[in-house]
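From first to last, the protein sequence lines stand for chains S and P.
Under the working numbering, think of the first position of the first sequence as 47, with each following residue one higher.
Under the working numbering, think of the first position of the second sequence as 8, with each following residue one higher.
A couple of the hints might just be wrong.
To be verified - With the Cβ distance kept under 7 Å, some of the chain S side facing chain P (calculated, not the full set):
1) E48
2) Q51
3) R52
4) L56
5) G83
6) K134
7) L137
8) K141
Think of the hints as simulated: they come from the structure by calculation, not from any bench.
Remember, predicted model here, so these are calculated numbers, not experimental data.
Virtual Cβ for every residue (Gly too), placed ideally from N, Cα, C.
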Amino acid sequence: MEGHQRNLYLYERFNARVLGVSRDDVTTLKYWAKGLGLTFPLLSNVTGFLGFYFHTQPDGKPIFARRTVVIDKSGVIRYVRDGSPEFKDILLFLKKLNQEGGKS
Amino acid sequence: MKKKIGIILCVLLVGVWLSGCATTQTVQKPYRISPQGTVIWEDEFEFAPPPLGWKLLLPEEGGDINIGFMKMDRGPFPSSTTFAYDEEPFGCSTQFEGREIEFFKRFLFNAVFQFQILERKKVQVVGGEGLAVTVEGKDPVKKEKVRAKVIFGKRGERVIGFYITQWRPLDGNYDLSAFEDFDKFVNSFKFLKKSFYETL
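Based on the provided sequences and hints, a complete structural model is requested.
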């Protein structure tokens, strides 16, 4: 999350927005965001239905697996990576996607 | 007004992520020595190597540091000193004052230590303004203490950091010559090319 916060100015440059999604409740996320100095939205999804949509809900566990998903302006998922975010990879992809968007 | 194309980057995460730590394992050398005796690291950084006795720490992928050195000091555990260059020090702020606060919340897994600031001053580092903060932390439970110096500088728009930590038993004495080696390392440090982020 800190990595995303550091990269916000670059996401802005590429017309991208970042959202975090977690099964933690709103109060927990507020404290967590404050502690890390995060300024982008964190979505609380306590029931976990987003985990089923994005296939990040391990059976029997009350948490999401880590997954980075990039959705384009048409709502199409264009990038999916599991595990810790590969920030440079994400930035290069967003740059490319932004260039595609600029041509259309 | 800038056109927004509305790309949404969703990040799903939960739980604890344990990032890799630096190790001393043998891998292909990422550096070469220049005719002047300086170290050229991956054709990106140049610096004067520390004196004999310092052991190179090779970072693991995704680890906390980019370049580091360590040495075991005389005396009982935990007598050792480590210094490093870190491209992504803890925190997010692009201002030194804000970054200092964010950094020290997490530096050395700061749950037990109450750091006391010994010195805080503006410095010149990697060709620009920087902030140097020297601190001491004590752990009365483990009966250990640590003296550290952190230097924040800028590479493009982003804050980078250099830091040295020296551990001792509570009744041990610090070896300040290691801090002089660290200062020489920092003062010699140069960027040979733009960072990845500056090229985007």
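Here is what the structure says about each hint:
{"no.": "1", "hint": "E48", "in the structure": "6 Å, holds"}
{"no.": "2", "hint": "Q51", "in the structure": "4 Å, holds"}
{"no.": "3", "hint": "R52", "in the structure": "5 Å, holds"}
{"no.": "4", "hint": "L56", "in the structure": "6 Å, holds"}
{"no.": "5", "hint": "G83", "in the structure": "5 Å, holds"}
{"no.": "6", "hint": "K134", "in the structure": "6 Å, holds"}
{"no.": "7", "hint": "L137", "in the structure": "6 Å, holds"}
{"no.": "8", "hint": "K141", "in the structure": "6 Å, holds"}
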